[in-house]
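For the record, the sequence lines run as chains Y and D. Quick note on numbering: our numbering labels position 123 of the first sequence as 123, and the sequence is numbered without any gaps. Position in the second sequence (from 1) plus 1000 gives the number in our numbering.
No lab work stands behind these hints, which were simulated from the structure alone. None of the values given here were measured: they were computed from a predicted structure. Hints are supplied without guarantee of correctness; some may be wrong.
Lysine-lysine pairs mimicking BS3-like chemistry, simulated, CA-CA at most 30 Å apart [claimed, not checked]:
1) D:Lys-1282 with Y:Lys-259
2) Y:Lys-85 with D:Lys-1275
3) D:Lys-1305 with Y:Lys-305
4) Y:Lys-138 with D:Lys-1085
5) Y:Lys-205 with D:Lys-1085
6) Y:Lys-188 with D:Lys-1259
7) Y:Lys-109 with Y:Lys-20
8) Y:Lys-142 with D:Lys-1275
9) Y:Lys-305 with D:Lys-1085
10) D:Lys-1138 with Y:Lys-305
11) Y:Lys-275 with D:Lys-1205
12) D:Lys-1191 with Y:Lys-191
13) Y:Lys-282 with Y:Lys-74
14) D:Lys-1275 with Y:Lys-275
15) Y:Lys-305 with D:Lys-1275
16) Y:Lys-205 with D:Lys-1205
17) D:Lys-1259 with Y:Lys-195
18) D:Lys-1142 with Y:Lys-205
19) Y:Lys-305 with D:Lys-1259
20) D:Lys-1138 with Y:Lys-282
21) D:Lys-1275 with Y:Lys-191
22) Y:Lys-216 with D:Lys-1305
23) D:Lys-1188 with Y:Lys-205
24) D:Lys-1020 with Y:Lys-188
25) D:Lys-1259 with Y:Lys-216
26) D:Lys-1259 with D:Lys-1305
27) Y:Lys-259 with D:Lys-1142
28) D:Lys-1085 with Y:Lys-195
29) Y:Lys-191 with D:Lys-1205
30) D:Lys-1188 with D:Lys-1205
31) D:Lys-1259 with D:Lys-1142
32) Y:Lys-275 with D:Lys-1191
33) D:Lys-1195 with Y:Lys-216
Not everything, but these chain Y residues come out facing chain D in the computed CB check (under 7 Å) [claimed, not checked]:
34) Trp-82
35) Met-126
36) Gln-179
Now the in silico label distances, taken between C-beta atoms and shown as ranges [claimed, not checked]:
37) D:Gln-1294 with Y:Arg-199: 36 to 46 Å
38) D:Ser-1175 with Y:Gln-62: 23 to 33 Å
39) D:Asn-1091 with Y:Met-137: 55 to 65 Å
40) Y:Asn-301 with D:Asn-1091: 24 to 34 Å
From the three backbone atoms N, C-alpha and C, an ideal C-beta is built for every residue, glycine too.
Listed here are the chains, written in short residue letters.
Number of protein chains: 2
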Amino acid sequence: MSLIVVGTMAFDAIETPFGKSGQIIGGSATYVAYAASNFVQPVNQISVIGYDFPKEELEALQARGVQLDGVEIKQDEKSFFWAGKYHMDMNTRDTLDTQLNVLAGFNPKVPDSYQGSEFLMLGNLMPSLQLSVIRQMKTRPKLIVMDTMNFWMDSAMQDLEIVLKEVDVLMVNDSEARQLSGQFSLVKAAKEILKMGPRFLVIKKGEHGALLFHEKDVFFAPALPLEEVFDPTGAGDTFAGGFVGHLAATRDISFNNMKTAIIKGSALASFCVEKFGTTRMKEISAEQIDDRIQQFVNLVNFEIKLAE
Amino acid sequence: MSLIVVGTMAFDAIETPFGKSGQIIGGSATYVAYAASNFVQPVNQISVIGYDFPKEELEALQARGVQLDGVEIKQDEKSFFWAGKYHMDMNTRDTLDTQLNVLAGFNPKVPDSYQGSEFLMLGNLMPSLQLSVIRQMKTRPKLIVMDTMNFWMDSAMQDLEIVLKEVDVLMVNDSEARQLSGQFSLVKAAKEILKMGPRFLVIKKGEHGALLFHEKDVFFAPALPLEEVFDPTGAGDTFAGGFVGHLAATRDISFNNMKTAIIKGSALASFCVEKFGTTRMKEISAEQIDDRIQQFVNLVNFEIKLAE
C-alpha cells in the first residue's frame, strides 16, 4: 500500500462563466494527492514549491497522510502559477498566463524513504523528468501510471516516446490520443498507442466519460450528469488520483479492478468540479463518496435478456 | 404488439470523408421501420412518396412486415430529397440541398386498419402533422414517442409546444435539448423539458451515447466505440426504431424496460453507421444483434464493493 505521486503543486487563477477564483491552490500532484488519499495512505509526494506556498496547505495535505519529504522548497523563488479561462463548453479552456518560476529548474529527487513504493503516478510534467523518477527507483514499481499532454507531444515527442516504453498505464484525453496516434477513431488510436509501450490506455473524454483499453478489451464509464460543472480544473488529476489510489489500496492491477478504479476516479472527479479548486475535495466524506459511486451504479445498470 | 411509425421516406445523397453515396434510400420512417421490424411486426407505416420511389424498396420493407396502407404515393411528384455532407467530426453536418417535393403538401392519414395500435412513433416531421396523427387515433395509444429537431423549434415552436403536451417520450439531441429548454446543463434541461409534457426524455449524444430521464431517475447508455463511423445518417432514427420496437414487442413501458430499449436501440444504431444508408440494416441477423448487445454489456459492466 505505497504510492509515489510526481507532479506540480502550484497557484491557479481561474475564470469560468460562474465567477473568478482569485489565486488559489492547484497543481496536478495536489489534486492527485487529495484524491488518492481517500483510498490509500501514505501518499509519497514529489514536487517543487516556492517560498510563497502556504504552510497551512502543506499541513492540510500532511493531515491526509501525504508525505512531503520529496517536495523541494525553493526559498528564493515563487511557486508555479497558471491562469486560465473556461467558456460554457467546459471541455476546452484558454490559458491566460503561465509563470514557470520554481518549475523551470525542477529536478525531482526520490527520497530514500520512498524507495520500494509499489505504485508510481507520474502526473503531467516534462517527460524527461518523469523518466528521471522512473530511473531513480531501485526496484521497478508494480504499476507505473502516466499522465501527459499535447504540449509535450509538440515540444518533446522523442523524450515522450522513451517514457511511454517504461509505463504500464497511459492517461490522455481524446484529442491527445488522436494527436499521439495520428488516428481520428479512438478505437484505432488506442490500438496504435498500445503498441508504443503502455499495456493499458485510459482516454478521458471529460463530461463524456472515460474509456479503458487493454489488449482486445474495452470498458467505458460515463461522467455523472451534473446540474452544474462549476470549475473543471483538476478533474483529470482527481480522476487519476482516485484511479491509482484505488489500485494501490487493493494492490490488484487486473483489468477488472481497473474498471472499479475508473468508477472511483470518476466519482471523485464529479465532486472536484462542483466548486473552485480543491475546495470540494477537502470537504467530502467516505459516505459521500460511496453515495456517489452508488449513483454511478444506478446510472449504467441494466438487465437484459438475449433471445435464445 | 402493434406499432405505427410516422415520418419521411426519401432519397438522400451523402458525402463523408470516406466517400459519396450517390442517390440512395433514406428518410426517418424508413430507418425507424428497418430497426423496429427486428423486434416487432407488423410496423404500420405512415408516409408519403413520389412516383420515383423504387418498387423494390417498398417490397423489401413489406418483406420485413412493414404495412404500407398508410404510405401515400403521389404519382405526379418526386420523393423528398436531402443531400448532406459530414466532416471528420461526424457529430455535425452541412445540408447541401433539400427538395421537399411530395412533403410540401403532405397530410398524413391514419388508415382504419391501423386504428387500435398501442404504440405510436412520431418521426421527425412538422409538429402540426405529428399532432394530426395523434388526433386521428380513436383510442389513445399506450405510448407515444416523438422525435423532433431544432428546425421546428425555430419555425414552429407554438405547434411544437402543443404536441409536447400529448406525448409520453421525447427524443432530441443534446443541442436541441439545450435550445428547447434554454439551459446549458443537460440535467437542468431535462428538468425543464419534463415540465413541458413528456414523462420520459431521451437525449441523444451521438458517439457520446444517450441519456434517459424520468422523474428523478437517469440512465446512461454509451455508444459502442467503433473503429470507423462510415455514415451516421439515420443513426438517430435507427436508435428510435430499436427503442420503440422493443417496447412494442414487450408491451412494457416501465423505466427499467426503457433502459433495455435504449441498449437495443444503441446496438442497432451501431450497425447503421457502418455503411451508407440502410445497407447494413438490410444485412444484419438476430444473432448479430444479440452479439452486439453482449458487447454493450461487456463495455459497461463492472462490479464494485462499497465500503461498509
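Now the hints, each set against the structure:
no., hint, result
1, D:Lys-1282 with Y:Lys-259, "36 Å, violated"
2, Y:Lys-85 with D:Lys-1275, "41 Å, violated"
3, D:Lys-1305 with Y:Lys-305, "24 Å, holds"
4, Y:Lys-138 with D:Lys-1085, "56 Å, violated"
5, Y:Lys-205 with D:Lys-1085, "25 Å, holds"
6, Y:Lys-188 with D:Lys-1259, "29 Å, holds"
7, Y:Lys-109 with Y:Lys-20, "35 Å, violated"
8, Y:Lys-142 with D:Lys-1275, "44 Å, violated"
9, Y:Lys-305 with D:Lys-1085, "38 Å, violated"
10, D:Lys-1138 with Y:Lys-305, "34 Å, violated"
11, Y:Lys-275 with D:Lys-1205, "26 Å, holds"
12, D:Lys-1191 with Y:Lys-191, "40 Å, violated"
13, Y:Lys-282 with Y:Lys-74, "26 Å, holds"
14, D:Lys-1275 with Y:Lys-275, "44 Å, violated"
15, Y:Lys-305 with D:Lys-1275, "28 Å, holds"
16, Y:Lys-205 with D:Lys-1205, "13 Å, holds"
17, D:Lys-1259 with Y:Lys-195, "36 Å, violated"
18, D:Lys-1142 with Y:Lys-205, "38 Å, violated"
19, Y:Lys-305 with D:Lys-1259, "12 Å, holds"
20, D:Lys-1138 with Y:Lys-282, "60 Å, violated"
21, D:Lys-1275 with Y:Lys-191, "22 Å, holds"
22, Y:Lys-216 with D:Lys-1305, "26 Å, holds"
23, D:Lys-1188 with Y:Lys-205, "21 Å, holds"
24, D:Lys-1020 with Y:Lys-188, "23 Å, holds"
25, D:Lys-1259 with Y:Lys-216, "26 Å, holds"
26, D:Lys-1259 with D:Lys-1305, "23 Å, holds"
27, Y:Lys-259 with D:Lys-1142, "39 Å, violated"
28, D:Lys-1085 with Y:Lys-195, "34 Å, violated"
29, Y:Lys-191 with D:Lys-1205, "24 Å, holds"
30, D:Lys-1188 with D:Lys-1205, "16 Å, holds"
31, D:Lys-1259 with D:Lys-1142, "18 Å, holds"
32, Y:Lys-275 with D:Lys-1191, "22 Å, holds"
33, D:Lys-1195 with Y:Lys-216, "44 Å, violated"
34, Trp-82, "25 Å, violated"
35, Met-126, "31 Å, violated"
36, Gln-179, "13 Å, violated"
37, D:Gln-1294 with Y:Arg-199: 36 to 46 Å, "25 Å, violated"
38, D:Ser-1175 with Y:Gln-62: 23 to 33 Å, "47 Å, violated"
39, D:Asn-1091 with Y:Met-137: 55 to 65 Å, "43 Å, violated"
40, Y:Asn-301 with D:Asn-1091: 24 to 34 Å, "27 Å, holds"
In this structure, the hints that do not hold are numbers 1, 2, 4, 7, 8, 9, 10, 12, 14, 17, 18, 20, 27, 28, 33, 34, 35, 36, 37, 38 and 39, in rising order.
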